[in-house]
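In the order they appear, the protein sequences are chains A and B. When you read off a place in the first sequence, starting at 1, and then add 2, the result is the number in the working numbering. When you read off a place in the second sequence, starting at 1, and then add 2, the result is the number in the working numbering.
Fair warning: there could be bad hints in the mix.
Which copy is meant is left open, because identical chains are indistinguishable; a pair holds if it fits in one copy or across any two.
[Stated by the list, open to error] Below, a list of computed lysine to any residue pairs in the SDA-like style, where the Cα atoms sit at most 25 Å apart:
no., residue 1, residue 2
1, K190, G53
2, K96, G267
3, K79, A228
4, K79, G93
5, K96, T75
6, K230, V28
7, K96, E113
Hints listed in this document are in silico derivations from the structure and should not be mistaken for laboratory results.
Number of protein chains: 2
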Amino acid sequence: MATADRGEGAFRRQLIESGLVLDAGVEGLYGRSLAYEEIAAGVISLTTRTGAGDGAQSLSFPPVIPRGLLEQTDYLKSFPDLTGSVHTFRGDDKLHARLLALVEAGRDWVEVLEPADVVLRPAACHPVYPLCTDGPLPQGGRRFEVQGWCFRHEPSLDPARMLAFRMHEFVYVGDPDGATAHRDVWLKRGTEMLEGLGLDVEVVVANDPFFGRVGRVLAANQREEALKLEFVTTVADPESPTAITSVNRHQDHFGQTFGIRSADGAVAHSACFAVGVDRTVLALLKTHGLDPGTWPAEVRARLWP
Amino acid sequence: MATADRGEGAFRRQLIESGLVLDAGVEGLYGRSLAYEEIAAGVISLTTRTGAGDGAQSLSFPPVIPRGLLEQTDYLKSFPDLTGSVHTFRGDDKLHARLLALVEAGRDWVEVLEPADVVLRPAACHPVYPLCTDGPLPQGGRRFEVQGWCFRHEPSLDPARMLAFRMHEFVYVGDPDGATAHRDVWLKRGTEMLEGLGLDVEVVVANDPFFGRVGRVLAANQREEALKLEFVTTVADPESPTAITSVNRHQDHFGQTFGIRSADGAVAHSACFAVGVDRTVLALLKTHGLDPGTWPAEVRARLWP
């Protein structure tokens with residue numbers, strides 16, 4: 003769990019000392035100041051405007067999703083270590099007394115809990131796929147803009163690796179050509195959007211952090227087919243750039259999982275453009291300094307037109 | 003767990019049929035449309051403007067808080083059944099195989115999980131009290147504006163009783179007189195704010211839903227001392243009005259718990275004004291109809307000036 007401090011610690015300290023973020027008491031958990039939130043709102047609003055012409059349906063979902071959705075999506079196979087399963091207390095007065103005795107004794111009190119029907123949401127787009135199962139998709143597929151809080155259990159000293167963070171996505175669900183076109187369009191738009199913010203980004207072939215032995219094979223396949231492209235830039239770690247945004251082709255993964263059919267009746271393909279809102283805020287602070295009032299006028303104009 | 007349908011079901015159906023909210027697949031969990039989110043943003047921005055003159059420090063926190071914070075605040079004593087404890091997987095390839103076998107067999111797979119260092123946040127204000135422990139508070143106390151996603155495990159057909167919802171608070175931490183003044187000022191401001199939105203609210207003495215036998219005593223005490231006042235109005239259930247906002251005096255509960263001292267060295271008192279953002283959105287939809295475009299001009303002007 004421990005992370006070597008390769009410079010992340012220095013940027014983390016600067017962020018906290020500036021008051022922009024607050025150490026919320028657990029590794030990877032931060033409070034946000036008003037100034038930080040204004041930058042985040044700027045990033046969200048710029049992303050919305052960048053995709054405004056596509057007629058995407060704009061949706062927001064809470065930080066938790068149905069447990070069954072996580073079970074369906076192979077997430078437990080690929081990323082069990084990032085999972086946040088939600089548990090609650092369903093007992094009576096007697097079991098409650100046992101719970102309080104455990105807490106009082108400073109012992110692990112979760113043995114009296116039961117799993118709730120929800121888990122924390124690992125990616126913004128997961129709730130939209132079940133919306134596409136009502137018959138074949140319309141010609142041209144469906145497009146969603148979806149955002150909200152996500153959770154990945156990866157405690158770290160790197161402020162760009164938060165336990166809880168916001169993701170803002172444009173998702174396409176339709177046929178294979180449409181998915182490839184979505185990738186290509188957003189590769190171009192994403193580059194223009196991030197470069198327009200004065201960020202020095204590079205697009206690289208990447209892989210998700212698949213778990214364990216089998217995961218190494220999955221990661222190699224994902225890279226070989228260039229299914230995931232990341233926009234990376236230096237944030238906290240000067241040795242290793244951070245992905246702040248990505249474009250992902252899922253092939254027919256979600257189509258198969260949820261039984262989604264494209265207009266021609268075939269299993270649907272999907273793709274998404276995903277902005278890491280908090281990571282983009284941190285990249286802006288790293289690039290232009292901790293006082294947004296002194297940022298270049300053209301960057302300010304794009305964030306807060 | 004089952005809730006009798008006393009009319010909540012009808013409003014829930016209208017909300018879903020209108021497309022304003024989406025059934026996210028579990029009782030009490032909803033997606034939000036852009037139109038819904040614009041109302042929520044209006045409520046949040048109006049609340050901010052209503053308290054803008056107080057010099058409160060504006061902070062946002064993620065949907066999860068440190069586990070230790072929940073243990074400290076007596077939440078497990080008072081509301082164990084509402085708790086959302088977060089658990090994750092920390093095993094190796096072998097335990098992972100066991101996890102996948104359980105999922106595959108449709109069995110309960112949480113036995114292989116371990117508690118994470120975080121739990122879901124039950125109220126917006128909890129993260130601010132640990133910020134007040136660095137010596138005595140300044141003269142006049144400290145004021146916070148804090149908002150974000152909260153979780154309470156109370157599955158229900160009533161759309162006003164969501165598993166995950168947003169709360170927006172103005173918190174005072176200082177001396178007893180300051181806490182009473184905060185209550186009085188926000189009682190007036192809250193009434194004006196909600197009546198200005200055309201909502202027919204009544205202020206009533208209330209209690210939190212304390213758990214079990216001991217909880218009945220706690221609830222009676224809370225009512226006797228009028229520590230909690232709720233702004234109630236009809237939302238989904240025509241038989242029983244819903245609290246959409248509240249003012250709460252905590253006496254020295256958080257002061258004792260966290261060791262906070264006021265300027266004169268005594269144990270600090272605290273109070274908060276808490277807007278249920280989603281409940282206020284639902285009250286507006288119930289009162290003025292499902293199409294915000296047709297709402298009274300003065301209501302629209304207050305939400306979207």
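Let me make sure I understand: some of the numbered hints might not hold for this structure. Which ones are they, in numerical order? 2, 6
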